[in-house]
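Asker: What follows is each chain in one-letter form.
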Amino acid sequence: MSTLTDTVSTNRPAPWLWLTLAIVAWIAGYAALEPFADIAIASFGLTKQTHLGEALHFFFYDTPKVLLLLTGIVFVMGVIHTFIAPERTRALLSGRRLGIGNVMAATLGIVTPFCSCSAVPLFIGFLSAGVPLGVTFSFLISAPMVNEVALALLFGLFGWKVAGLYLGLGLSVAIVAGLVIGKLGMEDYLEDWVRVMQGTQSAEFDVAKPSWAERIDAGLGHIRNIVGKVWPYILLGIAVGAGIHGYVPEDFMASIMGKDAPWWSLPAAVAIGVPMYSNAAGIIPIVEALIGKGAALGTVLAFMMSVIALSLPEMIILRKVLKPRLIATFAGVVAAGILLVGYIFNTLL
Amino acid sequence: MQIKVLGTGCANCRNTVALIEQAALSKGLPVEIIKVEDLKDIMSYGIMSTPGVVIDGKVVHAGGIPSRDKIDSWLK
Chain E
1 MSTLTDTVST NRPAPWLWLT LAIVAWIAGY AALEPFADIA IASFGLTKQT HLGEALHFFF
61 YDTPKVLLLL TGIVFVMGVI HTFIAPERTR ALLSGRRLGI GNVMAATLGI VTPFCSCSAV
121 PLFIGFLSAG VPLGVTFSFL ISAPMVNEVA LALLFGLFGW KVAGLYLGLG LSVAIVAGLV
181 IGKLGMEDYL EDWVRVMQGT QSAEFDVAKP SWAERIDAGL GHIRNIVGKV WPYILLGIAV
241 GAGIHGYVPE DFMASIMGKD APWWSLPAAV AIGVPMYSNA AGIIPIVEAL IGKGAALGTV
301 LAFMMSVIAL SLPEMIILRK VLKPRLIATF AGVVAAGILL VGYIFNTLL
Chain C
350 MQIKVLGTGC ANCRNTVALI EQAALSKGLP VEIIKVEDLK DIMSYGIMST PGVVIDGKVV
410 HAGGIPSRDK IDSWLK
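The listed protein sequences correspond, in order, to chains E and C.
First residue of the first sequence: 1, per the working numbering; consecutive thereafter.
First residue of the second sequence: 350, per the working numbering; consecutive thereafter.
Keep in mind the hints are simulated off the structure, nothing from the lab.
Hints are supplied without guarantee of correctness; some may be wrong.
As the list claims (entries may be wrong) - Taking beta-carbon pairs under 8 Å as the criterion, some of the chain E residues facing chain C (in silico): (1) Pro86; (2) Glu87; (3) Pro113; (4) Ser118; (5) Val120; (6) Pro121; (7) Leu122; (8) Ile124; (9) Gly125; (10) Gln201.
Said to hold, decoys possible - DMTMM-like, lysine to aspartate or glutamate: derived pairs with alpha carbons at most 25 Å apart: (11) C:Lys407 / C:Glu370; (12) C:Lys389 / E:Asp192; (13) C:Lys419 / E:Glu214; (14) E:Lys320 / C:Asp390.
We put the beta carbon where it would ideally sit given N, CA and C, even for glycine.
Taking the hints into account, I'd like the entire structure generated from these sequences.
Answerer: Structure follows, in structure tokens:
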């Protein structure tokens, strides 16, 4: 086991004053959203009664709201990440049984820092420390699917109920899919060099404990990385949403993706979504437009989950460590889970 | 001085290599940077997130682009 040594001095005091001021400014900004949008359209000489005024109001209200929420959530996640390094998650999951292990793995998948280019090293790292295959898959499914950008956007645009349902259902799919893969006992379908590494390493970890100044730095860095990258997509999505406000008929999508659509509309949405590759920020504008135009929430969320959780590039990377049969099982089980979630959602709502 | 950068060739890995090159150049230190891209070799260092940095056989960093301060602290 290698140790990480951090030689950077960590004696800086944490900027608590600045953090407090930033939180106050954030709350004040959030409280001022509605008046801000009113003033913004008034400065164009428009009122909410006109078509254009309504569309612009939508844009000037939703854009700062979503960006504020995103900044807040991403900062908190960045700080949480400094507490939960992948090494710690691995130590927590090592030797867990199926069941409780899957629940823990799916939950940790939300808060452990994860980048899709690290998926394979993480996968092998988990297996080599004795984390069971099914538990590892629960982590691997939940980490990209239940992500902070998706939650912030769903919360901002559709409210806490939809965001909460997404969180709950995403976790359920990750837990159940991992359980199923674990029960199938597919260890033989790991590539040979990976299989011999299973359980060969200790799960001990030794990472320098960061100071609070560094944790806050990490939060700010996370904002720069995430918000700095996704804001154009969000702006574009909301602009498109505002633009079609009223110009496209409200029930435009209802006949093909609505509640009364034929039974095959949900499987078709998932089948289109699986090979597609996009991050949450890129897909949300589409989600927003679809729901706004009469598509059923379950169908749209299933589409979104399949785009984020499964993708062709990911399968190609996983091929280095998994044999085709295990990849097919992984994709099949997750797609089936998403499909089930979509049907439940459409039936309940 | 020999520095190995472990990573499967994602953008973060390339940025890490470039950053270390820059830092070394500005200090006038002769460093040899080796990119380790084979998964088996990467995993033999026991890291779980890439990019990783190995100096003289010791893992000094894993996951994300290292900060300039951190890089400077290696190049002594």
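Asker: Now, for every hint given, state plainly whether the structure supports it.
Answerer: Here is what the structure says about each hint:
1. Pro86: holds, 5 Å
2. Glu87: holds, 6 Å
3. Pro113: Constraint on proline 113 of chain E satisfied, holds at 7 Å.
4. Ser118: holds, 4 Å
5. Val120: Check passed: Cβ of valine 120 of chain E comes within 6 Å of chain C, closer than 8 Å.
6. Pro121: Holds - the Cβ of proline 121 of chain E comes within 8 Å of chain C, reaching about 5 Å at its closest.
7. Leu122: holds, 5 Å
8. Ile124: For isoleucine 124 of chain E, the interface hint holds, since the closest Cβ of chain C sits about 5 Å away, which is under 8 Å.
9. Gly125: Where the cut-off is 8 Å and the nearest Cβ of chain C is about 3 Å from glycine 125 of chain E, the hint holds.
10. Gln201: Where the cut-off is 8 Å and the nearest Cβ of chain C is about 6 Å from glutamine 201 of chain E, the hint holds.
11. C:Lys407 / C:Glu370: Measuring from Cα to Cα gives roughly 19 Å; hence the hint holds.
12. C:Lys389 / E:Asp192: Given that 25 Å is the threshold and the Cα spacing comes to 12 Å, the pair holds.
13. C:Lys419 / E:Glu214: holds, 12 Å
14. E:Lys320 / C:Asp390: holds, 13 Å
Comparing the model with each earlier hint shows no violations; every hint is respected.
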